[in-house]
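The listed protein sequences derive, respectively, from chains A and B.
Note that the working numbering numbers the first sequence so that position 5 is 5, with each residue one more than the last.
Note that the working numbering numbers the second sequence so that position 385 is 385, with each residue one more than the last.
It is worth saying that the hints were derived from the structure and are not from the lab.
Heads up, some of the hints might be wrong.
Derived list of chain B stretches under chain A, where covered just means 3 residues or more per stretch with a C-beta under 8 Å from a C-beta of chain A [said to hold, decoys possible]:
| id | region |
| --- | --- |
| 1 | 10-16 |
| 2 | 78-91 |
Incomplete in silico selection of chain B near chain A, CB under 10 Å [as the list claims (entries may be wrong)]:
| id | residue |
| --- | --- |
| 3 | 263 |
| 4 | 264 |
| 5 | 455 |
We put the beta carbon where it would ideally sit given N, CA and C, even for glycine.
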Amino acid sequence: MQYAVETFSLTKIFNDWWGRSKVFAVEDLHLKIRRNEVFGLLGPNGSGKTTTIKMLLGLLHPTRGRAVVLGGDSTSPKISTRIGFCPEESYLYRFLSARETLDFYGKLFSLPAEVRRMRTESLLDMVGLRAVANRPVGTYSKGMARRIGLAQALINDPDLLILDEPTTGLDPIGTRQIKDLILKLAERGKTILLCSHLLADVEDVCDRIAILYGGKVRAEGKVDELLRRSTGKQINTGPIGDDTLAQIRRLIESEDVECEITSPMDRLEAFFIRTVAEAQQQDQPTSGAVSTTRLGDFLTRSDTTEAVLDRLVDASVDNVPDTTEPATEPVAPAASPPPKADQDFLKRLTQAAKPVETTPVAPVQPAEPTPPDEIDIHILDRLARGDEAPEPPQPRPEKNDA
Amino acid sequence: MRRIWAVAITTVRQALRMRIAVVFTVLLLVLLPVMAGSMSGDGTHKGRCQTFVSYGLSLTSLLLCLLTIVVSVFTVTSDIRNHQIFTVITKPLRRHEFILGKLLGVLVLDALLLTFFCGGIYGIVRYLPTHYGADPIARQQLNREFFTARASLKPMNPDVTAEARETFEKLRKQDEIPPEVFANELRRRQVMDWIIKQKRLEKRAAGVGERILWEFHNVRPVDPTENLFIRFKYDALPGSKTEMWGRWAVGPYDVFAYGAKPDRPIYDQVLRHSAGNFHEIQIPAVVVPADGHIALGFQNVPPNDTAIVFPLDDGVELLYQADTFGANFVRAAVMIFVRLVFLACLGILASTFVSFPVAIMFCLVIFFVATFSTFVVDSFNYLGDSIGGVYNYTVKPIVRMLPEFDKFNPAQYLVPARLIDLSVLAKAAGRMIGVEAPILLLLAIWIFSRRELARVTV
């Protein structure tokens, strides 16, 4: 499998004015980010996250080692056409309006005028800034500028999206929206490199993470595996009576382990989103961004040809496992679409009076590799789009929430 | 090209919306009408027009040069300092495209402003005679001597090196040159230069009754029914009469030099003019033969009682209408644009490797040296004589590489209504746009393509 991002002993040493090596910002970094993966790069301030991203994008030259992005050099227009980058702050031209900003970046991707216009309006809707789209970006609040910063990273519908602290300065709805967007893009086969120290955000969306400290990787792996505690168990139920509760407590304490029973708390994020949604329904005026949960049409929509191809590919995915290592552990195919199935499952768990029997998830046995020449999505993509299409997305396995 | 154009348009917007260009524009919008209303020159309509065009164009040129330096440096350094470059250069935009886009943006802005203000100056100067109620005679004079483009021909200085050397040897034999002067190469050369100048002046001097004959090639008046002009100034000995007489004759060279039979009228007049001032004599263009080879004769005639000398640089020149004022004005604007191109490339280059204040200082130094290039080159040459080889191989090539804005000053052509010949324009453009600007641009692209845009020095 070709990795979306791969680094080989990537090292960056910052020098002082006299050229003497002073700071090892990144040291001997071997990073492998698979296609169709949401990868989180975590670490405290100064751990080398942003330096790594800048080296990936060619803004800094590695002192040693090298980085391969989408199979090539990220500074090559052929590769950078497929990359979206949202830096840690919205470095935008203050004198341009939001609409002009998106149009400008669209021109840098040589997008036709009609496509630019359509995507600009779609992204303005998505980030809730259509009403103030003609105001100079310099007059925006930090959060509003952040939204436009994110929108510019999406104007080219990138295959690889690099987000450096994307939720900084955003309100909870904006944060939720970005997380939804990341998941949606991942569903479409995009690769996302998320760099953040807001751990809750990373935990919600990332498949794998790496934790940097002092320029070195201190931990790397799948989020579930890294966070799972094997020393305890947690049971979630719907409303149950005190008698049942007492029985459970006795049963557990008979195992000679401590048992703590509490009522579940709503997450503040969910509560906040609900409150603002109610205010919006009452047409409360605002001069800021209008919070929406809408995502850009072109980012979520598959065109007809792609939809057909997706179905074809999906159909074969169940029977044709990848011969190489998948992004996450393969699971048995669900009867209904994966995300919906998860939600239903959780709902049943929280509402049913009786415990629900769950079926253990069995790993899929690797089958004989099928020759890939049945459907050449490259060629079909190119034919459908009339240009050179990027690598096809790898089938994204559903996240194992069990 | 679309990406380069996108960067260019954004650069223009940046200059306009960040109010850099607006400050300069407002300044010119205020100053030009004030100048038109307050400048009267020597009190004549021609003087008023000449003064306004001279100061108006010079001011426009100066402010646009400063604007070009500021915008070209600001637009790149601010993108780097404020990190907008992170989101721009990570798009499919090659670094040389970014530099070319920035340059194109600055030049588009320059072209727009230059067109606007030159158009304004042209309109005002055309309206000035009407505004001040010029009568038909004054208008005619203006059309003849200002609202026109006259080609200028100056007689060649004869080669007097052999005569000068002979005189030098003669003086040395007569021990009139001290041995210490003769031993010092620098002082020997200074004496030689002085003798050459004296010899040339002798060729431009006429005692009472004596005459001087000058030769001009390629005299091509646009309209043979129009006039030629002899613009001259002569000096007489101090204490002599202020008004001197002279016999002026113009016609085919063969007639004057070889006594050929004239096939057209010959101009022959005795006129009186004051010494020490510039004058113009109007001569019908019909005297010019088809081959454009003419002779101009001057005879110092009684009742003059002293010799007359025509200064070497501007003692005499022949002017004739070769184009219109409007076309000449466009060429003057192009001449200004040429220097703006050079300065834009210089600003872009400086901004690729130093910060805003340092880049501005660097560009301003180059700009002022180029503006006074003749003085600077002469000064360095004078100083360089004492340090010989070191100067020749270090400072001299650098000084020679600098552009010479003062030699291509459009006001010095428009004020005396002289044609800005295409060869002059080609010379200015060839050097500044053809050689110097591309070198600066290539250097800028080379540096920018290799530098770390997110560099941190700890």
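Checked hints:
no. : hint  : result
1   : 10-16 : holds (count 3)
2   : 78-91 : holds (count 10)
3   : 263   : violated (67 Å)
4   : 264   : violated (65 Å)
5   : 455   : holds (7 Å)
Of the numbered hints stated above, those contradicted by the structure are hints 3 and 4, listed in ascending order.
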